[in-house]
Amino acid sequence: MSPIAVLGEVLAILALVVITIGVIGMFRMPDVYGQAHAAGKGGVIGVLLLLVATLTLGDWQIVARAILIGGFLLVTMPVASHVVVRAAAARGEPMADPDHLDERPPELRPGRRPS
Amino acid sequence: MTVEVIYTGAVIWLVVLMFACGALLARGPRPGSRIVALDTLVLVLVALLVLVSAAEDRTFFLDAALMLALLGFVATVAAARYYGEGGPFR
Chain A
365 MSPIAVLGEV LAILALVVIT IGVIGMFRMP DVYGQAHAAG KGGVIGVLLL LVATLTLGDW
425 QIVARAILIG GFLLVTMPVA SHVVVRAAAA RGEPMADPDH LDERPPELRP GRRPS
Chain B
110 MTVEVIYTGA VIWLVVLMFA CGALLARGPR PGSRIVALDT LVLVLVALLV LVSAAEDRTF
170 FLDAALMLAL LGFVATVAAA RYYGEGGPFR
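Chains A and B supply the protein sequences, listed in that same order.
FYI, the numbering for the first sequence is 365 to 479, going by our numbering.
FYI, the numbering for the second sequence is 110 to 199, going by our numbering.
What the hints contain is simulated information worked out from the structure, not anything from laboratory work.
The hints are all genuine.
Restraint-style ranges between C-beta atoms, simulated for each label pair:
no. : chain 1 : residue 1 : chain 2 : residue 2 : range
1   : A       : Gln425    : B       : Arg199    : 39 to 45 Å
2   : B       : Phe169    : A       : Val374    : 22 to 28 Å
3   : B       : Gly118    : A       : Ile388    : 15 to 21 Å
4   : A       : Val374    : B       : Phe198    : 43 to 49 Å
5   : B       : Thr168    : A       : Leu438    : 17 to 23 Å
6   : A       : Gly422    : B       : Glu113    : 15 to 21 Å
For each residue, glycine too, the CB sits at the ideal point set by N, CA and C.
Same shape as in the complex, but just chain A (with noise of 0.2 Å):
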C-alpha cells in the first residue's frame, strides 16, 4: 500500500470525523445563529477534506470535478448561512444568551414585520 493512500484514507477518516463534529455541535447549540456557525464551518471543512482525498486517486477526471465542487463550495457556503442567519435575526429569533450584544442593523430589529 503506498504512502499516498495512506493519506487519502487518513484524509477520509478526518474528514469524517469533522463533518460529525459539525453534526453534534447542531445538536448541542442553543439557538440558530450557534447551528449555523457549527453546521457551516464543520460540514464545509468536512466536504473540503474528502475532496482532498480525492485528489489523492489521481485520476484527472476526479480531480477536475472534486477541485469544481470544493471551489463552489467555498464561495456558497459562506452566503448561505449568512442568508439564513438574517433571515433568523429579520425574523427576530432569540439568542439564547440573555445578555449578548445587539449588533443588528436598525432594518433587522424586531418589531419591523417584514412585508
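With chain A's structure known, arrange chain B on it following the hints.
Relative to the frame of chain A, chain B by itself:
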C-alpha cells in the same frame, strides 16, 4: 480488504449522520434551525456521493454531487428569503 471495510463503515456512518440531520429537521423549534438542518443534510449527502465516487471509481457520482451542491445552495437561499423577507425576490 481493510479498505473495503473502511469504505463501508464510512458510508454507513454518513447515512447515520444524514438521519441525525433529519432528526434535527423534524425537531428544530424554529424555522431557522430547520433551514440550517436542511442545508447540512444536503452537505452530508454531497460528502456521501464523493465518498461513493471514490470507492466505486466512477465519475458520474461527482457530477451528481456538483448538481446537488448547486441545487442545495439555491434551495437554502430561497427558503431563507421566504422565511425572512416573505419572498425570494423582495
